[in-house]
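4 protein chains.
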Amino acid sequence: MCRWAAYLGNAIFLEDVIAAPSHSLVVQSRQAREAKSPTNADGFGVAWYGDRPEPGLYRDILPAWSDANLKSLGRQIKSGLFLAHVRASTGGATSRMNCHPFVSGRWSFIHNGQIGGFEKIQRALENSLADELFDELEGSTDSELFFRLMVGDGLVDDPYGAVSRAAGRVLEVSRRAGIEPSLKLTAAFSDGQTLHAVRYATDDHAPTLYTGAFAKGVGRCIVSEPFDREGRIWHEIPQASFVTMTRGGTSIRPFAPAVARLAMAG
Amino acid sequence: MCRWAAYLGNAIFLEDVIAAPSHSLVVQSRQAREAKSPTNADGFGVAWYGDRPEPGLYRDILPAWSDANLKSLGRQIKSGLFLAHVRASTGGATSRMNCHPFVSGRWSFIHNGQIGGFEKIQRALENSLADELFDELEGSTDSELFFRLMVGDGLVDDPYGAVSRAAGRVLEVSRRAGIEPSLKLTAAFSDGQTLHAVRYATDDHAPTLYTGAFAKGVGRCIVSEPFDREGRIWHEIPQASFVTMTRGGTSIRPFAPAVARLAMAG
Amino acid sequence: MCRWAAYLGNAIFLEDVIAAPSHSLVVQSRQAREAKSPTNADGFGVAWYGDRPEPGLYRDILPAWSDANLKSLGRQIKSGLFLAHVRASTGGATSRMNCHPFVSGRWSFIHNGQIGGFEKIQRALENSLADELFDELEGSTDSELFFRLMVGDGLVDDPYGAVSRAAGRVLEVSRRAGIEPSLKLTAAFSDGQTLHAVRYATDDHAPTLYTGAFAKGVGRCIVSEPFDREGRIWHEIPQASFVTMTRGGTSIRPFAPAVARLAMAG
Amino acid sequence: MCRWAAYLGNAIFLEDVIAAPSHSLVVQSRQAREAKSPTNADGFGVAWYGDRPEPGLYRDILPAWSDANLKSLGRQIKSGLFLAHVRASTGGATSRMNCHPFVSGRWSFIHNGQIGGFEKIQRALENSLADELFDELEGSTDSELFFRLMVGDGLVDDPYGAVSRAAGRVLEVSRRAGIEPSLKLTAAFSDGQTLHAVRYATDDHAPTLYTGAFAKGVGRCIVSEPFDREGRIWHEIPQASFVTMTRGGTSIRPFAPAVARLAMAG
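Taken in order, these protein sequences are the chains called A, B, C and D. Residue numbers for the first sequence follow numbering that gives the first Met the number 0, so the first one is 0 and each next one is one higher. Residue numbers for the second sequence follow numbering that gives the first Met the number 0, so the first one is 0 and each next one is one higher. Residue numbers for the third sequence follow numbering that gives the first Met the number 0, so the first one is 0 and each next one is one higher. Residue numbers for the fourth sequence follow numbering that gives the first Met the number 0, so the first one is 0 and each next one is one higher.
It is possible that some hints are incorrect.
Note: identical chains are not told apart, hence a pair may lie in one copy or across any two.
Straight-line alpha carbon distances no greater than 20 Å define the calculated DMTMM-like cross-link-like pairs of lysine to aspartate or glutamate that follow [to be verified]:
hint, residue 1, residue 2
1, Lys77, Glu14
2, Lys215, Glu33
3, Lys70, Glu125
4, Lys119, Glu179
5, Lys70, Glu137
6, Lys119, Glu229
7, Lys70, Glu135
8, Lys119, Asp50
9, Lys77, Glu53
10, Lys70, Glu229
11, Lys77, Asp50
12, Lys70, Asp59
13, Lys70, Glu53
14, Lys215, Asp156
15, Lys119, Glu131
16, Lys35, Glu131
17, Lys70, Glu33
18, Lys215, Glu229
19, Lys119, Asp203
20, Lys215, Asp15
21, Lys35, Asp152
22, Lys35, Asp202
These aren't lab readings, by the way, just hints derived from the structure by calculation.
Using the sequences and the accompanying hints, generate a full structural model.
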């Protein structure tokens, strides 16, 4: 499991979320409160939107608490929309390519969770990707592959539907492989305009998800767990929810995987 | 392109090949003589056979010339059979998982060369792997995938045949994908007993390959390019050759890809 | 604070101490039991004695639990005397040069503890080193500097006296700098023949230290905390003790810093 | 020896200098034209000025050509004043702390050159630093120490004088140590407002230095060697020169080390 935080609002320094709060993401990399494993030290990353449509990306393999580059970048870079992640590997090696966020064109994605029995269905899921998305695969994690599935399932035009179909695809491929479908999906993603998040698990025990104001009139956050309690109010998002956050407001609706009637390649 | 060196004989320190000679592999990482690109600084690795049937493996992403760990390991570890490699990436990222040697059970493999148009046939080649070999894939290089193909094509029982069939498979899959088959394959591999090497290219311009005595009565080497000329005689191996080196002697025979009548999965 | 383990006896695989036990050093890197901070993920290292008088050295900056090289080296390298360490930084950056063990000629050194107010006395301590020892400094930790002081204070001829004098020097330099002397020193070191350890703190709260048999008739260990309880009996070493372990047996005597009547350079 | 490039003018993307030109700094990391050694692959770094008085800093140990983070940061970060460097080590280890730029408060510094006989005078030079500057030392290079000397010699109030006095100090300390003074100093540094550079060597063979327009009316560069010839005119700066570049213009004056009448500590 992992920890992550995403921000949408007026431009602030990345460190205002990543490093400055009392229970910041950097602190959570060493000692998370609401995670199964408290240590999230298998690398980290941040994607931020600035002067270009596609996000910037900085990922590395050290624990977030000891990376001097992250500290300096957090102090210098201002952004009105960014997604940051500290990793606790559930299997894949510690490498930059396995660190979140993952990026595709304008889209970025961070994930806390797991595809159960991934090693049994990885190839079948990869084979359902179109060539250009297969070529985008950089690492070997279930998280990255889920994101590429979302892109292939229409992320640009229909974010909710894309996640729903990708989740349905995972469940269907699991069944075909003769394994009990198991998916834990607490994730955020963005195209540089809107910030989306989902909390879902096949066993209704998805990792936690919260929204809260960064500061009144400045911006809002979506996070794995609150990064402080000082004057901030956090709302826990229920199981099986989909969050859409724009500069105009935040909406929450129920989330469920699509019933897959997918023509599977291969 | 890359540079590599392999040794078979009495146990010597790894550094006796890797670092001590005047034109050692470490020197070649900075300035190779017979390679297209002189710099081979995208990581390195060494596999050696010792007290266990499977080899030890040390790989990292720094240039070989600046890695203090490699220097110390080379001074300490003695082995009668080892394969070492310095990498010049032809595409894949600089990561440990993309560094040679690659290992599967008792087998290790190092490669200098390239599968032309790899991005167009990678998935088809992966799909011809059995599940357990697909699961062994760690990185994203053409070299590693070729090695897994060799394992799947019967490496344990028939080394020559396995390389021949894997090469044939690459050519056939290329043709099916509508691209001109292009393979450059100057590689060495071992099961801990015998050292094999191959030099082959579809255009008859395979990277160089040499054999030579390490020292009279001590051991023999197979290398990309000679690591010194001081008192050593090197034999250039012709294009389209397969080398088999045991403690009893070295044999060379012509090599050609198998004509593929392969039932391709998928 | 950090965790470490040292072994002396018949040659065993490094992993038999580092990775195999139920509460091995690798496990302790993630979750130590008797340390102030449970996480020891700011790099690791191991020094081992083999075919040469000077030890081999492998150090790197990843958490020990995620380093594939450490895993392979631990499975391959056999040694009758080795020292291993997982680091929790008390200040210095995460770099290879700041990872333990530190090496000087035949000697290796691992440390758990701290020199209080180090930043105020670092230069004075460095200036008490002879030129050739000053040149040996690679990193910026208090641990390494203490080791170089030991070497300068006669480690080769008088291990107990060297540690005692180096500790006395730290206390004296602290007093001259107007700060309350504060030293925590739970350390092990070796010349490749004898394994020494010390447990001392100015406040009598030195980090824990234990000795125990690895296996009857095979070898013995000195450790920060027991690496398992299965059939092994561990002896806690009292505060202010000096341990000398040879292949013939283990002796313990009281330890105290020397009263410094040092002519300080500068 | 190393390669570097600095820019002052309207805000541009870092990549416009670092990666986009035909003979960009990234290209020079693999194959420099006017350097003794063509390969500059022992790490890299960039300092840039943005929304804060002190610069941002990104440094890492991979060759610049293979660092995906550098590529992304270069595409995202815009700055009107930045200094970038690719390193070819003349001695110090490959570590982040030994990579340029070095930073002190608002000041940043990049260097191509060497202090001859550095190992013989390192400690004496360190001892001439005030405590707070000694504490700022992060790595072990002659370049960083020269920069800290500059800061101690009045960089804030008198940039020319500070470099002149620091250079004089190196020469004087060399003489006192009984070695022939030898200094090669082709360096740039800035406080976030003005960009300074110096070209000097005791043997009148200082590494090359050029100035040129980035684009008419946009900005100007100071570089080790031209990063392209396409429509740009480069001016070689003579030996023993000091360059001062502001948004208003560029001035060049003769440079000489101060005659040291320094009271040396220790």
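Violations among the numbered hints: The structure conflicts with hints 2, 3, 6, 8, 10, 14, 16, 17, 19 and 21, although it agrees with all the remaining ones.
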